[in-house]
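Sequences are here, hints too, so could you generate the full structure?
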Amino acid sequence: MKKRKTAKHNIPKKIAKTLDIPEDILFDIPRITMMSNRELRIENYKSILEYESDKISLSAKEMMIELHGADLDITIITDEEICITGYIVSIEFSKLRS
Amino acid sequence: MSVPALISYFRGYLTITVTGRFCERFINVCANRKILLWDIKKISPYSVRCKISVSAFKKLATIAYHTGVTVHINVKHGFPFFLRRYKKRKIALFGVLIFLIAVISANQFVWDIEVRGNYKIPEDKIISALNESGLKIGMPISRIDQQELKKDALLSIPELAWLWVEKKGSKVIVDVREKIEVPEIFSPSDYCNIVASKDAIIENMTVKNGVPVVEKGETVLAGTVLVTGKIPVPAKMLDRYVRADAEILARVWYDRREVFSKISTTRHETGNTKNHYTLHFFGKDIPLFHKNISPYKEFDATEKRYTLFGLGFTKKSYEEITLHEELLSDGSVADFGAAQIMQKLEEEVAPNSTLKTSEVSYTVLNDSTIEVCVKAEYLENIALVQKEEVPKDLN
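Residue numbers (the numbering used here), protein chains in the order written: chain A, 20 to 117; chain B, 29 to 423.
Hints are computed from structural coordinates only; laboratory data are not their basis.
Be a bit skeptical, because a hint or two may be false.
[Claimed, not checked] Straight-line distance between alpha carbons at most 25 Å, and here's what the computed PhoX-like set of lysine-lysine pairs gives:
1) B:K70 / A:K65
2) B:K70 / A:K74
3) B:K79 / A:K74
4) A:K65 / B:K62
5) B:K62 / A:K80
6) A:K65 / B:K79
7) A:K74 / B:K69
8) B:K104 / A:K65
9) A:K65 / B:K69
10) B:K104 / B:K69
Spelled out as structure tokens, the structure:
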């Protein structure tokens with residue numbers, strides 16, 4: 020039963036792969052764009068979990084994104100996109116605890 | 029300033045501080061409700077500073093209440109707040125209004141006229157022709173009738189082929205094109221002879237077209253036909269007509285006499301100078317503390333004009349001088365006179381002529397005058413093209 024469910028879930032993924040459609044368009048997978056280590060843009064994020072000037076945690080689909088750095092500012096925030104500037108040192112991805 | 033920043037400046041925005049334990053929650057809710065926050069900065073563990081538009085700020089009260097944070101306004105930015113601050117200062121507002129009116133009304137008048145595209149016709153001539161038909165510095169721009177000005181100017185200056193008056197702000201640009209002279213058209217029914225332009229003795233003849241009528245060493249009078257364009261063709265019992273072309277080098281004598289004065293006046297500066305200033309205001313001259321009369325009896329005057337659009341001033345400097353009369357010797361006057369006569373002769377003879385001999389003599393007429401006589405011989409080209417009409421065939 021469980022096996023069947025995963026197979027069903029994989030069908031749109033397979034279609035996307037065969038038609039060469041980027042996955043972030045079909046699913047809410049976060050798309051991350053970085054400009055050197057000074058600017059970071061994340062589309063399709065869900066919410067901010069934690070905000071300090073040296074650490075920002077964001078939740079996205081199926082994962083948690085954690086940024087470490089210094090002087091981190093959120094220059095713009097909308098319901099779909101977030102832009103962070105500052106000196107980014109590291110990005111960590113982890114499975115979202117639920 | 030970027031475009032979004034400019035827009036937010038005109039609509040007004042606020043810098044706010046959000047204080048509370050759940051600042052992240054507050055930001056998330058704002059993002060979900062499409063309330064735009066920007067330049068978010070953590071300033072202390074429990075407070076965040078950010079920017080928000082004035083219209084969005086009104087929706088914050090309920091969000092702040094539900095998320096348990098307090099919102100505090102730090103700075104109000106933008107044009108609406110600027111206006112509100114200056115609302116009370118009525119005189120300043122009045123000044124701005126007067127300034128705007130002055131700028132706008134100044135733009136309604138002609139401040140400067142510029143002429144472009146003229147090479148031979150002087151600018152003053154075009155401007156004075158336009159002045160007569162109504163275009164003047166200081167007139168309202170709306171009263172310029174471009175078609176009328178074009179018509180009038182083209183009629184009054186026949187050398188102009190085209191003219192257009194262009195209004196560019198408070199400046200008027202007059203674009204002109206000059207007529208190109210039509211070259212003389214040689215009709216096929218005409219032919220040319222070469223005649224002598226001066227009385228001379230022929231030295232050398234180079235005939236390129238036509239039949240020579242005279243010979244080397246012959247003395248000719250001005251107007252004598254030297255080379256004819258009418259070539260008889262005995263075989264066909266008729267004449268062929270061509271454009272005669274030749275270079276005829278001949279010796280020409282000139283005899284020039286002129287009377288010169290022996291008295292020369294020299295000018296000495298006394299060192300006294302005076303400046304007169306005149307203001308120009310839209311074509312009107314306003315003399316400043318003078319009556320346009322020279323302060324000295326004998327003077328040298330230099331004028332400098334400084335103008336910017338319709339306004340400007342002229343500085344006229346007068347330098348006082350004294351005149352001294354001196355009696356020169358006969359020889360020096362004769363040399364001076366001969367040089368002057370030769371200069372005039374050089375302009376008179378055909379180009380590329382060579383001076384063969386010259387002789388200077390003088391006779392003293394009285395104490396103060398002297399007559400200088402110059403006899404000169406030149407070797408010059410005396411060929412002159414003369415058009416003739418082909419006689420109509422009687423047959």
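Going down the list of hints, with the structure as the test:
1. B:K70 / A:K65: 20 Å, holds
2. B:K70 / A:K74: Answer holds: K70 (chain B) to K74 (chain A) is near 11 Å, not above 25 Å.
3. B:K79 / A:K74: 21 Å, holds
4. A:K65 / B:K62: Status holds; Cα separation ~13 Å.
5. B:K62 / A:K80: 20 Å, holds
6. A:K65 / B:K79: 21 Å, holds
7. A:K74 / B:K69: It holds: about 12 Å lies between the C-alpha atoms, which stays within 25 Å.
8. B:K104 / A:K65: 31 Å, violated
9. A:K65 / B:K69: Holds, because 20 Å separates the two Cα atoms, which is no more than 25 Å.
10. B:K104 / B:K69: 17 Å, holds
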